[in-house]
Structures are given as structure tokens and as C-alpha cells.
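Residue numbering for the sequence shown is -22 to -1, 1 to 118, as defined by mature numbering (1 follows the signal peptide of the UniProt record, and there is no 0).
Don't read these hints as lab results, they were simulated from the structure.
Careful: at least some of the hints might be erroneous.
Claimed, not checked - Result set (DSS-like, lysine-lysine): computed pairs, CA atoms no more than 25 Å apart in a straight line:
#1 K91 with K75
#2 K57 with K24
#3 K24 with K13
#4 K75 with K57
#5 K75 with K13
To be verified - Listed next, with one range per pair, are the computed distances between beta-carbon atoms:
#6 E94 with D2: 37 to 47 Å
#7 D86 with S6: 19 to 29 Å
#8 Y85 with T117: 31 to 41 Å
#9 T15 with P37: 28 to 38 Å
#10 G34 with F84: 38 to 48 Å
#11 S10 with A46: 39 to 49 Å
Yeah, the Cβ is synthetic: ideal placement off N, Cα and C, and Gly gets one too.
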Amino acid sequence: MKLSVAAAVLATSSLIACAAGAADGLVSVPVSQLKWTELAGSGGIKYANVRGDLTGQNPYEAFVLFPAGRDNPTHHHSKSLPTVVIQGTFYAVIDGKRTEYPAGSFYDLPAGKTHESGCVAGMDCLLFQYQSSGFDFVTK
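Make the full structure from the sequences, and use the hints.
Take a look at the structure:
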């Protein structure tokens, strides 16, 4: 478990370091400077952009906060969706198999892969997600 947490922290740090910032490549976004916005129609899911805009059409990197116990219906995304779980336990049901991703986990959901997902009750889920173009949520 310690190795997976360390790997997730390293991966997240690397992703943030690659995110947009000053022309010299520096990215510095202290947690106190994150601007949280509720995703319209999401039932309380919030996001804080680090680079780009999750709701735009271009590449983005963002923290995403799911309320504990929040479930998403069956859906897919047009682009692959790499995700690092920082807090809580996120889950996905893919091809009928439920997999839980506790803090420190990483998964990369392929584009077009139909699934269900959500945050296990007990603790909000904090994720770091990024895509090559804007986020979408296509229901079946």
C-alpha cells in the first residue's frame, strides 16, 4: 500500500508539474488557491482546474471532489480518462465487475468504455483527472 500511495503522489506531482503555468514551465497551485466549482447537474460533484477547463473543449487537468456515497449512472466518456485517487475510495463497474480504488490508486479508463462509477460512503473522494480534450459524460 505504501508503494501505491507513493506512486500516486509521484504521478500526481508529475502531472501537475507538466500542467500549464508560467512560460518558464513552473506550475504552482497551493491548495488555498484552488477555485472549486460545482459541476452543473452533477448532484454535488465539484472540480478545481489546474490547467485548462474541465468544462471546455481543450486539454485540462483538474481535481475532482465526489461526495461520499455519490453514484453515477451508466455512462461513458469520448476520450480516455486517467484518474489518480487521492482521498476516499472511488469505484467503477466495468463489464459487470466492480473494482474499488482506495487512495493511492490509479486507473485509465479507455474512451467509449461503458461503466458505472462513484464514491463509496464514508469519506468524500478527491481525484485528479486529465483528458486531451474537455470532459464529457455520455449516458446510455
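Going through the hints against the structure:
{"no.": "1", "hint": "K91 with K75", "in the structure": "13 Å, holds"}
{"no.": "2", "hint": "K57 with K24", "in the structure": "20 Å, holds"}
{"no.": "3", "hint": "K24 with K13", "in the structure": "10 Å, holds"}
{"no.": "4", "hint": "K75 with K57", "in the structure": "21 Å, holds"}
{"no.": "5", "hint": "K75 with K13", "in the structure": "35 Å, violated"}
{"no.": "6", "hint": "E94 with D2: 37 to 47 Å", "in the structure": "42 Å, holds"}
{"no.": "7", "hint": "D86 with S6: 19 to 29 Å", "in the structure": "26 Å, holds"}
{"no.": "8", "hint": "Y85 with T117: 31 to 41 Å", "in the structure": "21 Å, violated"}
{"no.": "9", "hint": "T15 with P37: 28 to 38 Å", "in the structure": "18 Å, violated"}
{"no.": "10", "hint": "G34 with F84: 38 to 48 Å", "in the structure": "24 Å, violated"}
{"no.": "11", "hint": "S10 with A46: 39 to 49 Å", "in the structure": "23 Å, violated"}
Hint violations for this structure: numbers 5, 8, 9, 10 and 11, all remaining hints satisfied.
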